[in-house]
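Colleague: Sequence:
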Amino acid sequence: MMASRDPSASAAPSSPPLVDLLRAILDDALRVARAELKLVKVEGIATGKRGAIGVGLLAAAAVSAFLVVVFLLGAAAEAIGGLLGHRWLGWLIIAGLCVLIAVALGWLGYRTVKRAIAEGRRVGATVMEDLEWVRELPKQSANGS
2 MMASRDPSAS AAPSSPPLVD LLRAILDDAL RVARAELKLV KVEGIATGKR GAIGVGLLAA
62 AAVSAFLVVV FLLGAAAEAI GGLLGHRWLG WLIIAGLCVL IAVALGWLGY RTVKRAIAEG
122 RRVGATVMED LEWVRELPKQ SANGS
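Just add 1 to the spot in the sequence shown (first one is 1) and you have this note's numbering.
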């Protein structure tokens, strides 16, 4: 006698159940969110480093400006106290060079900090867009789109 097979027992469903689809969507959304957080962390660290470099350049500009004051005071002292020629002229030339260095370092530091702030704002906007997209996922799946 031959065993009969039940055709309904071996037939697999043609599509996965709704719960499995929702679980897969949630898993994908979590994977995207984790990847986005890693990306934000890496970009944030890089932006922070550039900001620190800009702050360092501004600090160097401040030190150079301080040296300008020191050299100008030295030149004034040479000019007032020196009757032996033009020894103070060397002090003024060095002070002028320090002014140029301070201006160049200050300009570079300002540009670097300005770029780092703009990039930080761009990263923040990207994160906000991504969070909004994740918030919209349940609404889209509820609408069937």
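Note that these hints are calculated values from the structure, not bench results.
A few of these clues could be false.
[Claimed, not checked] Cross-link-like lysine-lysine pairs, in silico, DSSO-like; alpha carbons within 27 Å at most:
#, residue 1, residue 2
1, Lys115, Lys50
2, Lys140, Lys50
3, Lys39, Lys115
4, Lys115, Lys42
5, Lys50, Lys39
[What the hints assert, rightly or not] Computed Cβ-Cβ distance ranges for the label pairs, DEER-style:
#, residue 1, residue 2, range
6, Gly49, Val104, 35 to 43 Å
7, Gly57, Glu130, 28 to 36 Å
8, Val43, Val71, 40 to 48 Å
9, Glu130, Val104, 19 to 27 Å
Computed from a predicted structure; not experimentally measured.
We put the beta carbon where it would ideally sit given N, CA and C, even for glycine.
Colleague: Starting from Lys39, check that the Cα of Lys115 is at most 27 Å away, please.
Modeller: With Cα atoms ~24 Å apart, Lys39 and Lys115 stay inside 27 Å; holds.
Colleague: Go ahead and decide if the range 35 to 43 Å is satisfied by the Cβ distance of Gly49 to Val104.
Modeller: Distance hint for Gly49, Val104 is violated at roughly 26 Å.
Colleague: At the C-beta level, are Glu130 and Val104 separated by a distance inside 19 to 27 Å?
Modeller: Roughly 39 Å apart at Cβ, these two residues miss the hinted range, so it is violated.
Colleague: Return holds or violated for the Cβ distance of Val43 and Val71 against the range 40 to 48 Å.
Modeller: 42 Å, holds
Colleague: Take a look at whether the Cβ-Cβ distance between Gly57 and Glu130 falls inside 28 to 36 Å.
Modeller: 32 Å, holds
Colleague: Hinted pair, alpha-carbon criterion (27 Å max): Lys50, Lys39. Please report holds or violated.
Modeller: This hinted pair holds, its Cα atoms lying about 17 Å apart.
Colleague: Are the Cα atoms of Lys115 and Lys42 separated by 27 Å or less?
Modeller: Holds, at about 20 Å.
Colleague: Quickly compare the C-alpha distance for Lys140 and Lys50 to 27 Å and report which way the hint goes.
Modeller: Answer violated: Lys140 to Lys50 is near 39 Å, above 27 Å.
Colleague: Quickly compare the C-alpha distance for Lys115 and Lys50 to 27 Å and report which way the hint goes.
Modeller: 13 Å, holds
Taken one by one, the earlier hints fail for this structure at numbers 2, 6 and 9, listed in ascending order.
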